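Since chain H is already given, all that's left is putting chains W and L on it; use the hints.
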Amino acid sequence: MISIKQITPWKTALFILMLLPMLLGLGYGLLYSFGVIGLLNTGFTSEHWSDILLNFSFWKSLLFSFSIGLISVGISLVIALWMVVNWHHDLKKGKLSTLIYLPLAFPATVVGFFIFQSFSKAGFWSRFLYQIGIISEIEDFPSLVNDAYGIGIILASTFIITPFLSLILKGIFENEHVTKFQHIAKSLGASQRQVLMKITLPILLQKAKTSLFLFLIFVIGSYEIPLLLGRQNPKMITVAIVDKAQRFNLNDIPQAYAMAILYVLFLLFLFFGFQRLAKLKTKAYA
Amino acid sequence: MSEFLNIDDLSKTFEGQPILNGIHLSLESNTVLSILGKSGSGKTTLLKIIAGLEDADQGRISLEGKPVMTLKPQKRNIVYLYQEALLFPHLNVFENIAFGLRLQKKDQTEIEKRVIQMLGPLGLEHMKYKSPNQLSGGEKQRVAFGRAIIVEPKLLLLDEPFGALDVETRHSMQQLFKNLAKQLSISALFVTHDLKEAIIMGDDIGKIENGNYKAYTSKKEFYKDAKSGVTDEIDFWSNLQRGEFSKS
Amino acid sequence: MRKQIGQSIVGFIILFPIVFLLILSFGKQWFYPHILPNLWQTSQWESLFSPSFQLTKSLGLSLLLSISVGLVSTVTAFYFSKKIAYSYNKTTWQSLAYVPYLLSPIIFAVLIHFYFLKTGLSGSLLGVIIAQFLICFPFGIIICSTFWTSQIQSLENLSFTLGGSTTQTLKRVLLPLAKSTLLLCFFQCFLISWFEYGLTHFIGAGKVKTLTVSVFTYVNEANPFLAALAGFLLILPSVILLLVNKRLIFKTSKKHTDYE
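Residue numbers (our numbering), protein chains in the order written: chain H, -2 to 283; chain W, 6 to 253; chain L, 2 to 261.
None of these hints come from the bench; they were simulated from the model.
One thing to keep in mind: the hints can contain errors.
Okay, the calculated beta carbon distance ranges per label pair [unchecked claim]:
| hint | chain 1 | residue 1 | chain 2 | residue 2 | range |
| --- | --- | --- | --- | --- | --- |
| 1 | H | 89 | L | 168 | 54 to 64 Å |
| 2 | L | 80 | W | 223 | 24 to 34 Å |
| 3 | L | 17 | W | 110 | 54 to 64 Å |
| 4 | H | 191 | L | 92 | 32 to 42 Å |
| 5 | L | 80 | W | 16 | 45 to 55 Å |
| 6 | W | 225 | L | 171 | 42 to 52 Å |
| 7 | L | 171 | H | 174 | 31 to 41 Å |
| 8 | W | 139 | L | 57 | 46 to 56 Å |
| 9 | H | 91 | W | 60 | 48 to 58 Å |
| 10 | H | 186 | W | 131 | 51 to 61 Å |
Owing to the predicted nature of the structure, the values given are computational and were not obtained by experimental measurement.
Glycine included, each C-beta is placed from N, C-alpha and C at the ideal position.
Only chain H is shown next, with the shape it has when bound in the complex (with noise of 0.2 Å):
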C-alpha cells in the first residue's frame, strides 16, 4: 500500500543515511564471503561459508562473548537493583547521587585500561595485597585478566554497565511511582519480602527489559575491552572478526566476512527472541 506519493525526498534521504551503509556493507560481506567479489576469489562456492560453520572456535567464541554478557548484565543488574531498592533517596540527593554519573564519564577504552592496571598480576591491588601480606610472590596473584574465565571483561563491563543501569531503575522507580505502590501493598498488609518480590521488583524489571537486552548486545559487541583483557583462547566474537579480516592471510578474509554476517544473524535472532520472550512475559501479568 505504498503509493508514491508517499516516497517523499526526505525518506529518500534519510533511507541512505540510515540503512543504506548498512545494507551496502552487508551486500559486499555476502558476496565476498561466497567467493563471488575480492582478492583471490574465483567465483561462488560456499567453502568459506562451511569452513565457518563447522570451525569450532567460531562457535565457541560466539558463545563465550553471549555468556560473558550474559554474567556482566546479570551481575550489574543485582547490583543496581540492590542500589536502587535501598539507597532510592540518596540516589536522588547527596553525594551519591552525583557520584552515580561519574562512571558514564569512562569510555571502554579507559576502563579496560583502568582494569587491567588494577587486577593484573603486576597491578595495583596485586602489590596491595604483597604489601600487607597476603601474597608473597606476584604468581601468587591469581589471574583475572587475559584469562581464560573472561574475568577481566566481566569486571570492566560490569564497571560500565551498572551505573547506567542505576540510573534507568531509578527513573523507573520515579516514573512508576513505586513508592506509592508499595504503601497501597503495605497498607493491604504485605510484608517486606513480599512488596519486593510482587511489587518492586517486577515493576522495575518490566519496564527495565529493553534496556538491559541493549546492554546484552552492547557486551557482546564491545571490542576495547576484550582488546585489552581478553586473550587468544577463547576470544570474544568482535576481537575474532576482526583479527580475521586484517590478518596477513588473505585467505582469510572471505571468513571474517561471513563471520561478520553470522554475527548480524546472530544479533537478530537474539532480537527475535527477546521479543518472543517480552510478549509471553506480559501476558502472565494481563
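This is chains W and L only, laid out in the frame that chain H set:
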C-alpha cells in the same frame, strides 16, 4: 450578495473513513457563526482545513471572493484557536500577545502601544510580565484571544475555546468574547458541543454531524428542528419543575 | 551504619579510577611491588603544552573530530526526527534508528570498509568523520524524537496561522524550546565520537590518531604513564559536563521537560 467566507463541496477521508462529506458553508462578514458538533463529527478537521493546517481531498474555499486553498497558512490571515489555550511557554504574557506583531517586524513603540491597548479589555493589565505557567485557565484563554485578535485576522476559528474551563469562568469568557466580537467587528466560526453556548455565542447557527453540515437560515428554524436537541432541553427543565423526577 | 559503609565502598569504587589514573599519569617508573610509582615526573604533563607532542596533537584532533561529528549529527538528527515524528510510519523509522547501535561499530566498520577504500576516504579524517556520523546520527534521532510532541506540533501550527514563516517559526518558537534537547543531543553524539576506538582505528587505518587510539598506542609501547595521561584527558570533558549539569549526560526522569 457575496459572502465573506464561502466553502463549497469540501470533502476529506482518512484511512478510508469519510471525515467530511461535501460541506457547503457560508458566512457573512462581521458575523459569528456557531457550529454545533460533538467529538468525531469532523468539526476540528473542518477548522484545520480552513486554516490551512490540513489538506482537503476536494472542495473550494474562498475568503472575500478569493480562493484560499492554495495559500499557505501563514498567508491566509485566518487564525485558529485551540481548545487548550496554547501559549508559547518560553514567552511571557506581553510577548505572547506581541508574537504576531513581531513576526510582521513592527517596531517596538507600535508593538508596545497595541499590546497595552489590548490588555485593558482583556483584564490582563497587571499580568503582562507573568509567564504562562503562572496563569489560570481563563487567564490563559484571554491571552490566547488577545494574541489572535491583535493581528487583525480576517477570520477567527475557535475550536471549543471554553471547553476546559469551569462554569463560572466559561460564562465570563462568553460575555467577553461577545463584547469583543461586536467591538472589533470580528468574523468568526465558533465550534462547540454545548447547545447553550452555541446559541449564546453565534449570530447564526449550523450543525455538523458525522461529516455532514446543516445550515439554518435563522435561530428559530434551529429551535424548531427536533434533532437539534432544543426541545429535549426545554422538556428536561419543564419536567423538573413539574417534579416528574421525584423518587419512585 | 551499614548504609554508610556500603555507600562509601561505592563511592570509593567510583572515585578510585580517577585518582589512580591521575597518579599514574605523573609516574616515570612503577616497579613491583610499590603501590605508587617509585619515580615521578611532571614532564609528560608539561609536554602537553607543546604542540609538537603527539598526545597534544591527538587531543586537538579528537576535539575537532568530535565537535564536528556532534554538530553535524545534531543538526541532521533534529531535522529528520521532526520528519519522522510527523510521519505515518513513525515507529518503524524510530526502531530502525537503533540498528546502527545494535550492530557493533567495529563490525559495521569491517563491513563498509571496502567503500571507504574505494573512495579514498580510508585513513583520512573526513572518512572517520563520516563513519562516526553514521553511528551517531541515528542515536541523535532517538534523542531528538522526544522533543516533537503534539504540543510542539500545535505550537508550530499556531505560529503559522499567526503569520509566521517556516524560518520565523523555527527561530522564534522551535529552537528556543528545543534548547535542552539539542544540547543533550550534541553532547551525547560528541561523547560517542570522543570515546570511539574500534571504528576510528579501522577506518582511520591508524593514521587518524585520536585520544583513544593514543591510549592503545601507549599500551602497546608498554608506557602506562602516557596511557594514563591520555585516559585522564579522555574522561575530562564528561566530568566537567557532569559538574555543570548532570542531565546533559543522562536524562532519567520524564518529569523534567524543557519548559517546566
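Checked hints:
1. Between residue 89 of chain H and residue 168 of chain L the beta carbon distance is about 42 Å. The supplied range of 54 to 64 Å is therefore violated.
2. At about 52 Å, the CB distance of residue 80 of chain L to residue 223 of chain W disagrees with the hint of 24 to 34 Å.
3. Take residue 17 of chain L and residue 110 of chain W: their Cβ atoms lie about 59 Å apart, and the range 54 to 64 Å holds.
4. Between residue 191 of chain H and residue 92 of chain L the beta carbons are some 37 Å apart, a value that agrees with the proposed interval 32 to 42 Å.
5. Distance hint for residue 80 of chain L and residue 16 of chain W: a CB-CB separation of about 33 Å, inconsistent with the stated range 45 to 55 Å.
6. Residue 225 of chain W and residue 171 of chain L have their C-beta atoms about 50 Å apart, which keeps the hinted 42 to 52 Å range intact.
7. One distance hint, 31 to 41 Å for the beta-carbon pair residue 171 of chain L and residue 174 of chain H, holds here, with the actual separation near 37 Å.
8. A hinted range of 46 to 56 Å holds for the C-beta pair residue 139 of chain W and residue 57 of chain L, which are about 51 Å apart.
9. With their beta carbons about 54 Å apart, residue 91 of chain H and residue 60 of chain W fall inside the hinted range of 48 to 58 Å.
10. The hinted window of 51 to 61 Å between residue 186 of chain H and residue 131 of chain W holds, with their beta carbons roughly 54 Å apart.
Consistency with the previously given hints fails for numbers 1, 2, 5, ordered from lowest to highest.
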